[in-house]
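Engineer: Sequences listed follow chains A and B, in order.
Residue numbers for the first sequence follow our numbering, beginning at 9 and rising by one.
Residue numbers for the second sequence follow our numbering, beginning at 82 and rising by one.
Don't read these hints as lab results, they were simulated from the structure.
Remember, it's a predicted structure, so these values are computed and weren't measured experimentally.
Careful: at least some of the hints might be erroneous.
As the list claims (entries may be wrong) - Pair by pair, the computed Cβ-Cβ distance ranges are: (1) B:Glu-86 / A:Gly-316: 27 to 35 Å; (2) A:Pro-96 / B:Asp-525: 46 to 54 Å; (3) B:Thr-377 / A:Ser-143: 41 to 49 Å; (4) A:Ile-176 / B:Glu-86: 48 to 56 Å; (5) A:Leu-315 / B:Pro-96: 25 to 33 Å; (6) B:Ile-352 / A:Gly-22: 54 to 62 Å.
Backbone N, C-alpha and C define an ideal beta-carbon position, used for all residues, glycine too.
What follows is each chain in one-letter form.
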Amino acid sequence: MPEVVLKNVSKRFGKIVAVENVNLQIYDKEYVSLLGPSGCGKTITLRLIAGLVDPSEGEIYIGGRLVNKVPPEDRGIGFVFQTFALFPHMSVWDNITYGPRVKGWNSEKTSSVANEMVEMVKLATRFDAYPRELSGGMLQRVALARALTAGGNLLLLDEPLGQLDAKIRLELRYELRRLVKDLGLTAVHVTHDQEEALTISDRIVVMRRGAIEQVGTPNELYMKPKTIFVANFIGEANFMEGTVAKSEEKEIYVEIRGGFMFRAFEMGLGKGEMIVLAVRPENTVLMRGEVNMKNCLFGSVESLTFLGSLVRYHVRLDNQDLVVAKVPISGNQFNIDDRITVYFPPENILVYKYPEGGLRRELELE
Amino acid sequence: MERFEKTLDSLSSKPSIRYLVYGASIVFFFALILVPPILGIILKWNLMGQIFENSGLMSRATSAIYSSFAIAIFVAIIDLIFGLPMAWFIARGKSRWLDVLDTFADVPFIIPTVALGYSLLLFWSGSGGISSLFGRSLVSPGWLLIILLHFTFSYPVVVRVMVGEILDYEQVYEEGARTSGAPPFTAARTVTLPILKQGIIASFILAFARSLSETGATLMVAGTFENGPIFIKNAKDLGYEGPLIFVSFVLIAVACAIFAIVRLLGPKLRIPVRRVWPESERGLSSRGVVGLRDGTSIWVFLILILAPSLFVVLPAVSALTSGTFSQAVTGIGMWSAYWQSLILSYALGAVVTLINIIAGLPMALLIARKKAGKLPSAILDILVNVPMVLPSIALGVSIGLFWKNFAFFPELGLLIFAHLSITYPYFVRAMSAAIERVNIDLEDSARILGGRPFTVFRTIILPLTKYSLFAGAIMTFTRSVDETGATLAVVTQLKTAPVLLVDWVKGKVPVTALEIGLGCGFLVVFSFIILLTLRILIRGAHRHA
Numbered sequence: 009m010p011e012v013v014l015k016n017v018s019k020r021f022g023k024i025v026a027v028e029n030v031n032l033q034i035y036d037k038e039y040v041s042l043l044g045p046s047g048c049g050k051t052i053t054l055r056l057i058a059g060l061v062d063p064s065e066g067e068i069y070i071g072g073r074l075v076n077k078v079p080p081e082d083r084g085i086g087f088v089f090q091t092f093a094l095f096p097h098m099s100v101w102d103n104i105t106y107g108p109r110v111k112g113w114n115s116e117k118t119s120s121v122a123n124e125m126v127e128m129v130k131l132a133t134r135f136d137a138y139p140r141e142l143s144g145g146m147l148q149r150v151a152l153a154r155a156l157t158a159g160g161n162l163l164l165l166d167e168p169l170g171q172l173d174a175k176i177r178l179e180l181r182y183e184l185r186r187l188v189k190d191l192g193l194t195a196v197h198v199t200h201d202q203e204e205a206l207t208i209s210d211r212i213v214v215m216r217r218g219a220i221e222q223v224g225t226p227n228e229l230y231m232k233p234k235t236i237f238v239a240n241f242i243g244e245a246n247f248m249e250g251t252v253a254k255s256e257e258k259e260i261y262v263e264i265r266g267g268f269m270f271r272a273f274e275m276g277l278g279k280g281e282m283i284v285l286a287v288r289p290e291n292t293v294l295m296r297g298e299v300n301m302k303n304c305l306f307g308s309v310e311s312l313t314f315l316g317s318l319v320r321y322h323v324r325l326d327n328q329d330l331v332v333a334k335v336p337i338s339g340n341q342f343n344i345d346d347r348i349t350v351y352f353p354p355e356n357i358l359v360y361k362y363p364e365g366g367l368r369r370e371l372e373l374e
Numbered sequence: 082m083e084r085f086e087k088t089l090d091s092l093s094s095k096p097s098i099r100y101l102v103y104g105a106s107i108v109f110f111f112a113l114i115l116v117p118p119i120l121g122i123i124l125k126w127n128l129m130g131q132i133f134e135n136s137g138l139m140s141r142a143t144s145a146i147y148s149s150f151a152i153a154i155f156v157a158i159i160d161l162i163f164g165l166p167m168a169w170f171i172a173r174g175k176s177r178w179l180d181v182l183d184t185f186a187d188v189p190f191i192i193p194t195v196a197l198g199y200s201l202l203l204f205w206s207g208s209g210g211i212s213s214l215f216g217r218s219l220v221s222p223g224w225l226l227i228i229l230l231h232f233t234f235s236y237p238v239v240v241r242v243m244v245g246e247i248l249d250y251e252q253v254y255e256e257g258a259r260t261s262g263a264p265p266f267t268a269a270r271t272v273t274l275p276i277l278k279q280g281i282i283a284s285f286i287l288a289f290a291r292s293l294s295e296t297g298a299t300l301m302v303a304g305t306f307e308n309g310p311i312f313i314k315n316a317k318d319l320g321y322e323g324p325l326i327f328v329s330f331v332l333i334a335v336a337c338a339i340f341a342i343v344r345l346l347g348p349k350l351r352i353p354v355r356r357v358w359p360e361s362e363r364g365l366s367s368r369g370v371v372g373l374r375d376g377t378s379i380w381v382f383l384i385l386i387l388a389p390s391l392f393v394v395l396p397a398v399s400a401l402t403s404g405t406f407s408q409a410v411t412g413i414g415m416w417s418a419y420w421q422s423l424i425l426s427y428a429l430g431a432v433v434t435l436i437n438i439i440a441g442l443p444m445a446l447l448i449a450r451k452k453a454g455k456l457p458s459a460i461l462d463i464l465v466n467v468p469m470v471l472p473s474i475a476l477g478v479s480i481g482l483f484w485k486n487f488a489f490f491p492e493l494g495l496l497i498f499a500h501l502s503i504t505y506p507y508f509v510r511a512m513s514a515a516i517e518r519v520n521i522d523l524e525d526s527a528r529i530l531g532g533r534p535f536t537v538f539r540t541i542i543l544p545l546t547k548y549s550l551f552a553g554a555i556m557t558f559t560r561s562v563d564e565t566g567a568t569l570a571v572v573t574q575l576k577t578a579p580v581l582l583v584d585w586v587k588g589k590v591p592v593t594a595l596e597i598g599l600g601c602g603f604l605v606v607f608s609f610i611i612l613l614t615l616r617i618l619i620r621g622a623h624r625h626a
């Protein structure tokens, strides 16, 4: 069944490298997101799977079959485009039944499949309406029904929710996942919205500059981001640069700017090595006054924002760095200009080797 | 200059001045462009009866009219049959040679039509052309040669329009079809071509109108065959005023009717998309069939379009080495008339272009920005196209008749008016389309920032549409230099270059093939130099824009 495998796949347009040496395995009936900032190669990867662009190198397998030379119409896929691409000169019904018609199914089979899909996507509209008469949400459902009716087990979605209003987007997000699971499809979903990817996917493929940065479940990506980029792109993090001062069996001591000493759990780093520490705002602890402890820095509250169940604080440290902390509304709260101690619990500190191009470049989102 | 601009800027704030400018452009359009070509004939309605008394002439006239429309429709259809695959190949192909092919597809555009006609005459029926391969004249002058000629000069129109359409088309629709399971042929037939229907209709109308209108080159290759324009020309030479008016009237009326029908029914015409034949269409999408299609398109282009178009180079080049060339440049004998006609042609083209720019810009604004209200602007938009579909010789006849009502009217004036009518639509269409593409928010924000209407036009619209302005000017100019039909209809003394060359080919003046070849050659070279210069200017303007 539709398991998708990409082996050493690259795509170049002239001198521009769009996708470089991508290796990826998507399992049968899995919902996978390709996530990354614009220009990271995620859409090209999807189009490579669909056969809309040919790889410059590498092999693509769908359901165990090498499909490099197979045209899109024979790959057994459904594709939902960001702009929906509904045929403007055809009615809703003709759009939905386009796949079966061009494949030569008989009209009975066509209608029954199309009706089933129309029900699945909860499309309630006149079938003789034309795309220009429909709202965004409706168009999305028609596009989805058309892709599903085409009969493939592999559903490819290119930013399918990108053109919709925020509210409809949230609603359709869950429906999309339910639909894929109910029909037992394999889905590959391209998005630049990390929240969408986290809520919808079984696994997420984070891409950057044409290459895969990390593949994992939403939980893995959030809790154990392998790179500084992923830590920054998925969720939020405070980053600090430092040098390893002491390396022990299970932990290291890190000296950061201003001479402060931090303890973190990490192995295999040598003394004197440059590293970057990252802590999520919700794992950053705030305490009133100046508390002298390991892993603590001092500063004052610069601004605060209520986020409902959480309060988000911007703390200006004495070394002028800015730290973000999220404190549950039930916890201790502070006022602007309050003197504060910021505590980074060692078990929540993520440790990375100092990136070659510098920390700032690693945090760029292009 | 700056003070002049300032004055215009502040004048443009006065509503009365704006009304005056727009009003004048509308009056200009109706009084000089639209009404004379139609009214001239209607005023002479009474003379039309003459032809009904002469059954021989009548049957000649009807068969000429019939030939004109039959040829125009047939040519427009084969243009689509061969031009569409070629356009597809150029727009979608991946070969490096496509740029070369694309450029060569324009060759028949660049060559003035009379030179093209002579080139085809030599190629298909002259003793030194392709006939020498077969030992006899392959296609003698007559209707078949007319069809070949019309195919040659209208084919680039279809290719040019359709390449643009296919490039502008959002391929995502086709991708939607492909990912739904449609092979390439089915996707093109059921999705892409129906979406491009408007462009296909437009290119059909253009090719049809070009074929219906062309006179000069057609005269060269017609032999004794008569189509509408040739009948008019012959009738004029013989002084048969009634038959001439009759045929002009019928050509104009039927052309208008066909144009209106296509325009009204075209959008309703549905390309059948529901039925699909999966197996055979899959076959048509196969590599072999596509290769065959591309190959056929290229060979048709090379053999039927490119080779005959360029054939005039041969006599022109051999004339260079013989004494003909030195005779020509020194202007001996009939060459002095030749140079005079060439100067007249280019001067006329320049004057007409200039007037069109001045009178056409306000009209383009009126249409693009709907300044006269929604419906009137839409009506103007349709009316502006009318002179384009009228057979040019019939249009010339009517213009001549109209202005001759005003006592003494100089022939040069008639010539200018006829050429204005014919070229005006090309300029206004190009400009109004370009202005429509400029986001109106830009104009509004310029106004809100304090720009007066003319300032906005000068600093926002003009720089953003400069490319189209040049392109429109080029079209106007070349169309005028090329024009034969209307010219023949209105002149008795003056001769433009194409008219003179037609006389040469028709044997009105004793000339040799080398001399005609050289005459055509000069025309081609000068037109080419002018086009090239303008193109370079445009490139520069485009880059700075």
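Engineer: Now look at each hint and say whether the structure bears it out.
Structural biologist: Checked hints:
no., hint, in the structure
1, B:Glu-86 / A:Gly-316: 27 to 35 Å, "59 Å, violated"
2, A:Pro-96 / B:Asp-525: 46 to 54 Å, "29 Å, violated"
3, B:Thr-377 / A:Ser-143: 41 to 49 Å, "46 Å, holds"
4, A:Ile-176 / B:Glu-86: 48 to 56 Å, "51 Å, holds"
5, A:Leu-315 / B:Pro-96: 25 to 33 Å, "55 Å, violated"
6, B:Ile-352 / A:Gly-22: 54 to 62 Å, "36 Å, violated"
In this structure, the hints that do not hold are numbers 1, 2, 5 and 6, in rising order.
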